[in-house]
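Enquirer: Quick mapping for you: the protein sequence lines, in order, are chains P and H. If you're matching positions, the first sequence starts at 2 in this note's numbering and goes up one per residue. If you're matching positions, the second sequence starts at 8 in this note's numbering and goes up one per residue.
The reader is advised that the hints may include incorrect statements.
Unchecked claim - Distance ranges between label pairs, derived from CB positions:
1) P:Ala18 <-> H:Asp63: 36 to 44 Å
2) H:Asp63 <-> P:Glu21: 30 to 38 Å
3) H:Glu106 <-> P:Thr109: 34 to 42 Å
4) H:Val90 <-> P:Trp84: 38 to 46 Å
5) H:Glu107 <-> P:Glu89: 17 to 25 Å
6) H:Ser94 <-> P:Ser19: 36 to 44 Å
7) H:Ile83 <-> P:Ile13: 37 to 45 Å
8) H:Arg105 <-> P:Ser15: 40 to 48 Å
Stated by the list, open to error - Listed next, the in silico DSBU-like pairs over lysine-lysine satisfying Cα-Cα at most 30 Å (straight line):
9) H:Lys34 <-> P:Lys59
10) P:Lys99 <-> H:Lys51
11) P:Lys59 <-> P:Lys99
Unchecked claim - In silico contact screen, one side only, chain H against chain P (beta carbon under 7 Å); selected entries:
12) Glu48
13) Gly49
14) Leu50
15) Phe52
16) Tyr55
17) Arg105
18) Phe111
19) Gly112
20) Pro113
Treat the hints as calculated values from the structure; they're not laboratory data. In this text, a Cβ means the ideal position worked out from N, Cα and C, and glycines have one as well.
One-letter residues, chain by chain:
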Amino acid sequence: AQSVSQHNHHVILSEAASLELGCNYSYGGTVNLFWYVQYPGQHLQLLLKYFSGDPLVKGIKGFEAEFIKSKFSFNLRKPSVQWSDTAEYFCAVRDDYKLSFGAGTTVTVRA
Amino acid sequence: NAGVMQNPRHLVRRRGQEARLRCSPMKGHSHVYWYRQLPEEGLKFMVYLQKENIIDESGMPKERFSAEFPKEGPSILRIQQVVRGDSAAYFCASSPVREETQYFGPGTRLLVL
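Extracted from the complex, chain P is given alone in its bound form:
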């Protein structure tokens, strides 16, 4: 089964700073990759996904992620964060129907 590692447990930023969250998965082949976000008190929402095609994927709320096959990575980025981006972010890899999640990164944006 896939394992997913997220590099940072907790990130603290000021508004307008750039954000990059790392994600690596354990082995190659055809993978479907996802970033989910969980705002305080809410359920997981899909930010973006990669199935195939252009490795630079644009998601909602100004987020994007880049799939680098040679590095088994799918890092999430946002050029300029807002206070409302405070949340927990999960990277996930789908192997057939099973999603394997990273431990999550808590992002705190200071106003």
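With chain P fixed as given, assemble chain H onto it according to the hints.
Expert: Here is chain H on its own, set in the frame of chain P:
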């Protein structure tokens, strides 16, 4: 179109009691997945069901845990004789077909005293 619904949102049980967690998938979705999130960890796959069938329960503990998705009504995750280690957030997700994106419910936070 309502999203995935889970209830209750919070559930407190004493050791030895039973916990029943319910999940109603999105309209048109016939594939349901349950995941568990322990403190400080990511979500872990438990079980995958289609209507009236358990497809894969490899992530579910062999004892005390069971899941069903009847022809009518929500999917149920049942935990018998709960122990403190069962305290976690339990998330349900659904998809229209197995290859498609899974959409998550708000989760049920189970606390075992």
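Enquirer: Given the range 38 to 46 Å, decide if the beta-carbon distance of H:Val90 to P:Trp84 lies inside it.
Expert: Given about 40 Å between the Cβ atoms, the range holds.
Enquirer: 30 to 38 Å was suggested as the range; check whether the CB atoms of H:Asp63 and P:Glu21 agree with it.
Expert: Holds - the Cβ-Cβ distance for H:Asp63 and P:Glu21, about 34 Å, lies within 30 to 38 Å.
Enquirer: Once the shortest beta carbon distance from H:Phe52 to chain P is found, is it less than 7 Å?
Expert: OK, holds: H:Phe52 within 7 Å of chain P, min 5 Å.
Enquirer: Quick check on H:Glu48 please, does its C-beta sit within 7 Å of some C-beta on chain P?
Expert: H:Glu48 check passes; min Cβ-Cβ to chain P is 6 Å, inside 7 Å.
Enquirer: Using the C-beta atoms of H:Arg105 and P:Ser15, is the stated range 40 to 48 Å upheld?
Expert: holds (42 Å)
Enquirer: Holds or violated: the hint that H:Leu50 contacts chain P, with Cβ atoms closer than 7 Å.
Expert: With a closest approach of 4 Å, the H:Leu50 hint holds.
Enquirer: Within a Cα-Cα threshold of 30 Å, do P:Lys59 and P:Lys99 meet the stated pairing?
Expert: holds (23 Å)
Enquirer: Is the hint on H:Phe111 kept, meaning its closest Cβ partner in chain P is under 7 Å away?
Expert: This interface hint holds because 4 Å falls under the 7 Å limit.
Enquirer: Tell me if H:Gly49 is really an interface residue toward chain P, meaning its C-beta lies closer than 7 Å to one of theirs.
Expert: holds (3 Å)
Enquirer: Taking 37 to 45 Å as the hint, is the beta-carbon distance of H:Ile83 and P:Ile13 inside that range?
Expert: holds (40 Å)
Enquirer: Is the gap between the beta carbons of H:Glu107 and P:Glu89 within 17 to 25 Å?
Expert: holds (24 Å)
Enquirer: Does H:Pro113 pass the interface hint, meaning its C-beta sits closer than 7 Å to a C-beta of chain P?
Expert: holds (4 Å)
The structure fails none of the hints (numbered hints given earlier).
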